[in-house]
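Asks: First to last, the sequence lines map onto chains A and B.
According to the working numbering, the first sequence is numbered sequentially starting from 1.
According to the working numbering, the second sequence is numbered sequentially starting from 1.
FYI, nobody ran anything at the bench for these hints, they're computed from the structure.
Beta carbons are placed, not taken as given, at the ideal position from N, Cα and C, and that holds for glycine.
Any given hint could be a false lead.
One-sided and incomplete, this derived list gives chain A residues near chain B with beta-carbon spacing under 8 Å [what the hints assert, rightly or not]:
{"no.": "1", "residue": "P57"}
{"no.": "2", "residue": "V86"}
{"no.": "3", "residue": "A119"}
{"no.": "4", "residue": "S126"}
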Amino acid sequence: MEASVRNIFFAFLKMGTFAFGGVYSMIAFFERELVLKRKWLSHDDFAESVVVGQLTPGPPIINSGIFIGYLLRGTKGALATVVGQVLPSFVMILILAYVYMKYSDIPIMRSMLKGVGAAVVGLVVSVVFRMGKRSLKDYKSVSFAITTFICLAVFKLNPIALIIAAGVGGLIVYRGGALKWQ
Amino acid sequence: MAIVIFFWTLFYINLFTIGGGFVMLPLLQSEIVDHYHWLTNKEFIDSIAIGQLTPGPLTIMNAFIGYKIFGFGGAIGAVVSTYLPSILVVTIVSRYYLRFKNWWIVNSSFSGIRPAVIGLLAAVAITLGRESIIDLPTGAIAIASFVAIAFTKLDPTFVILGAGLLGALLY
Chain A
1 MEASVRNIFF
11 AFLKMGTFAF
21 GGVYSMIAFF
31 ERELVLKRKW
41 LSHDDFAESV
51 VVGQLTPGPP
61 IINSGIFIGY
71 LLRGTKGALA
81 TVVGQVLPSF
91 VMILILAYVY
101 MKYSDIPIMR
111 SMLKGVGAAV
121 VGLVVSVVFR
131 MGKRSLKDYK
141 SVSFAITTFI
151 CLAVFKLNPI
161 ALIIAAGVGG
171 LIVYRGGALK
181 WQ
Chain B
1 MAIVIFFWTL
11 FYINLFTIGG
21 GFVMLPLLQS
31 EIVDHYHWLT
41 NKEFIDSIAI
51 GQLTPGPLTI
61 MNAFIGYKIF
71 GFGGAIGAVV
81 STYLPSILVV
91 TIVSRYYLRF
101 KNWWIVNSSF
111 SGIRPAVIGL
121 LAAVAITLGR
131 ESIIDLPTGA
141 IAIASFVAIA
151 FTKLDPTFVI
161 LGAGLLGALL
171 Y
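For reference, chain A alone in the conformation it holds in the complex (with noise of 0.2 Å):
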C-alpha cells in the first residue's frame, strides 16, 4: 500500500482507535503495522521516530507519528497522523463529556465516580513507580526527584519553573554526559 497522505491518516485513524494499554504496548503495535505490515518504514527509521518521540514535548507516541507522517510526506504527512490518532478518542470524549454533565448528579453516578476518584489515585502512583523504576537509577537522580517533590508538596512553586530548573541543573550536573533512554 502506497503512503500517501490519505492512507496514512486511515493507518493512524486504526491505531488511534485500538491504543489503548500505554505507551509499550502501543510502541509495538506501530512496529506491527507500520514497518511490518505496510513497509512505510525501515527499523532504523522507527527506532529514530521513538527517540524522536521522546525527546520532544508531548505524547510520545502522537509525537513519534508527527516524525513518521513528516518523513512520509511532509507537513501534511505530519497533520495527517495527528488527526487519524487524535479523532477516535476525541468523539469518544465528547461522549462522556455529554454522558458526565448531564448525569455526573444523580446518585448512582455519583457512588461510581467515588470508586473512580480513588483508582485514579492508584493509577498516578502506579506511574510514578513505573517511571520511578525506569529513570531513579542513582544517588543524583533520587535528588532531582525529590528536591522537586519537596518544592511543589511543601513550597508549593510553580512547576514549570520546576521543570526549567531541573533541565539548568540537568546541563550542569550531567554535563557531556551520555544518556540511555528507557
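Please arrange chain B on chain A, whose structure you already have, making use of the hints.
Replies: Showing chain B alone in chain A's frame:
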C-alpha cells in the same frame, strides 16, 4: 477572553509536558485548578478518569475540560492548543534531527528533567489522594488499583471501570 487564556494555558503547558501525558498533570493542576479555579480538585480527578477511559494519550482529557468549561468550541480549541506544540516542535526537530541527535545540551538537561517530573507527579498523587481517599473502602480501591496497574498487565481502562462498579455497589 477567558477562553483565549484557557487555550494559551494549554498551549504552554504542553510545551513543558516532557516525558508523557501524565507529566501534564502537575502543570494542569497548578494552572487550571489552583491558579484560575476553572475546575475543582474533584472535577480534575473526574477528568483524569474520563481521559483514561478513551484510547490514546491522557492529553485528550483537555478536550473534556474544554467542553466542561466552554462547551463544544472549548473542546475543539483545547485539542488544537494541546497538539499544536507537538506539531511545531516535532516538525522542526524532524528537519534538523541528525544535528539535534547528538546535542549534549538536550541530553543533559533531559537527564535532569526526567527524574524531576517523577517528583512532581508524586506531589500530585498526594493532593489527589487527600481529595479521593476519604474512608476505608476508597483506600482499599486505591491500593488495589495501584497493585493491578503496577504489577499486572491489566489495562488501566478496566481498572477505572471496575472501580466505578465497586463504587456503585458500595455507596
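Asks: Hint by hint, say whether it matches the structure.
Replies: Hints versus structure:
| no. | hint | result |
| --- | --- | --- |
| 1 | P57 | holds, 5 Å |
| 2 | V86 | holds, 6 Å |
| 3 | A119 | holds, 3 Å |
| 4 | S126 | holds, 4 Å |
The structure fails none of the hints (numbered hints given earlier).
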